[in-house]
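Trainee: Kindly produce the complete structure, drawing on both the sequences and the hints.
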Amino acid sequence: MPELPEVEVTRRSFASQIAGAQVLSVTLGKPLRWPLGRAPSSLVGARVQQVRRRGKYLLIDLDRGMLMVHLGMSGSLRFATQLPAALGPHEHFDMQTDRGTLRLHDPRRFGAVIATDGDDDPVARKLLDGLGMEPLDAHHFRWESFRDGLARSRTPIKLLLLGGKLVVGVGNIYASEVLFASRIAPTTPAQAISAIKARRLFQAIRDILALAVERGGTTLRDFSNADGLPGHFQLQAKVYGREGLPCVQCGRPIALLRQGQRSTFYCPHCQKS
DNA sequence: AAATTGACCTGTCAGC
DNA sequence: TGCTGACAGGTCAATT
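According to the UniProt record's numbering, the first sequence is numbered sequentially starting from 1.
Be aware that a few hints might be false.
[As the list claims (entries may be wrong)] Computed cross-link-like contacts, DSS-like style, restricted to lysine-lysine with a CA-CA straight-line distance of at most 27 Å:
| no. | residue 1 | residue 2 |
| --- | --- | --- |
| 1 | Lys-30 | Lys-165 |
| 2 | Lys-126 | Lys-165 |
| 3 | Lys-238 | Lys-165 |
| 4 | Lys-30 | Lys-126 |
[Unchecked claim] Between beta-carbon pairs, the in silico distance windows are:
| no. | residue 1 | residue 2 | range |
| --- | --- | --- | --- |
| 5 | Glu-144 | Gln-249 | 22 to 32 Å |
| 6 | Phe-110 | Asp-207 | 25 to 35 Å |
| 7 | Ile-196 | Arg-154 | 18 to 28 Å |
| 8 | Leu-24 | Gly-251 | 54 to 64 Å |
| 9 | Gly-45 | Ile-196 | 30 to 40 Å |
| 10 | Ser-41 | Ser-194 | 54 to 64 Å |
| 11 | Ser-42 | Arg-154 | 41 to 51 Å |
| 12 | Ser-74 | Gly-244 | 19 to 29 Å |
| 13 | Ser-25 | Gln-191 | 48 to 58 Å |
Because the hints were derived from the structure by calculation, they are not lab data. The C-beta atom is built at its ideal place from N, Cα and C for all residues, glycine as well.
Mentor: Written out as structure tokens, the structure is:
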């Protein structure tokens, strides 16, 4: 479910509500991708300061430590005052505070909640170091760095975008969408992309992710923010999930391709190397 | 160093 | 109806 826009929409939907809250108790369901990292009771009494995001990680700063939350493939967060006391079968992390309860729902359990000492904690460093540029941060997402990153790689551009080493947050849906918007074939080796097209791709990543955040996420499936609301003005995918349907530009059928065991959707007529 | 591939886990859907 | 296989929005570890 969650690529950068969905994670950012989630962050915005509960960050200001949870800021200043004091942790009352923590309950765990089934194990997630990684263990919490310390006893849940050690979080009790801590105060939440702010909620940041790095790539697809949510970083919840506490007055002692930092909680890292990743939604994996199927995770979603709720923050509310009135939640059922008992955890459902797919709810695996629950943090009660004096302002409400933060609860992770994650059927596939590819997500993670990790308690660390902060940004410099080795566990946090291991996960966050090496992540690429933040596409919605103008200071970090630099055209020169992006262009140089493309020039250094022969990897097919779709896979390079998914990799997260050059730019973070572009997942399987948005990778197909930004390549369609910039009219680049997904198999094109990164270093073979012309300057003109690279520039279009750079802009498309910024514009499409920003628009998706504005609209509250994608239209696919059942994404909802931490208020449990779906968000009414969700972004329409132009190619993702549209195999065989007419291209919105030229009317020819959208094609499906497998790259790195993931589906890529594209228009063979509109997108060229 | 860069590029593949497999693994994690559960739900859903198409086809027989 | 039930079974089987394919697939799903992510990413890390192990292997070439």
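Trainee: Hint by hint, note whether the structure agrees.
Mentor: Okay, the hints, checked on the actual structure:
1. Lys-30 to Lys-165: Measuring from Cα to Cα gives roughly 30 Å; hence the hint is violated.
2. Lys-126 to Lys-165: Holds - the C-alpha atoms of Lys-165 and Lys-126 are around 14 Å apart, at most 27 Å.
3. Lys-238 to Lys-165: 25 Å, holds
4. Lys-30 to Lys-126: 24 Å, holds
5. Glu-144 to Gln-249: 22 to 32 Å: Because 30 Å falls inside the window, the suggested range holds.
6. Phe-110 to Asp-207: 25 to 35 Å: Taking Cβ atoms as reference, Phe-110 and Asp-207 lie about 29 Å apart, which means the hint holds.
7. Ile-196 to Arg-154: 18 to 28 Å: At roughly 20 Å between Cβ atoms, Arg-154 and Ile-196 fall inside 18 to 28 Å, so the hint holds.
8. Leu-24 to Gly-251: 54 to 64 Å: 58 Å, holds
9. Gly-45 to Ile-196: 30 to 40 Å: 56 Å, violated
10. Ser-41 to Ser-194: 54 to 64 Å: Holds, at about 57 Å.
11. Ser-42 to Arg-154: 41 to 51 Å: 47 Å, holds
12. Ser-74 to Gly-244: 19 to 29 Å: 26 Å, holds
13. Ser-25 to Gln-191: 48 to 58 Å: 53 Å, holds
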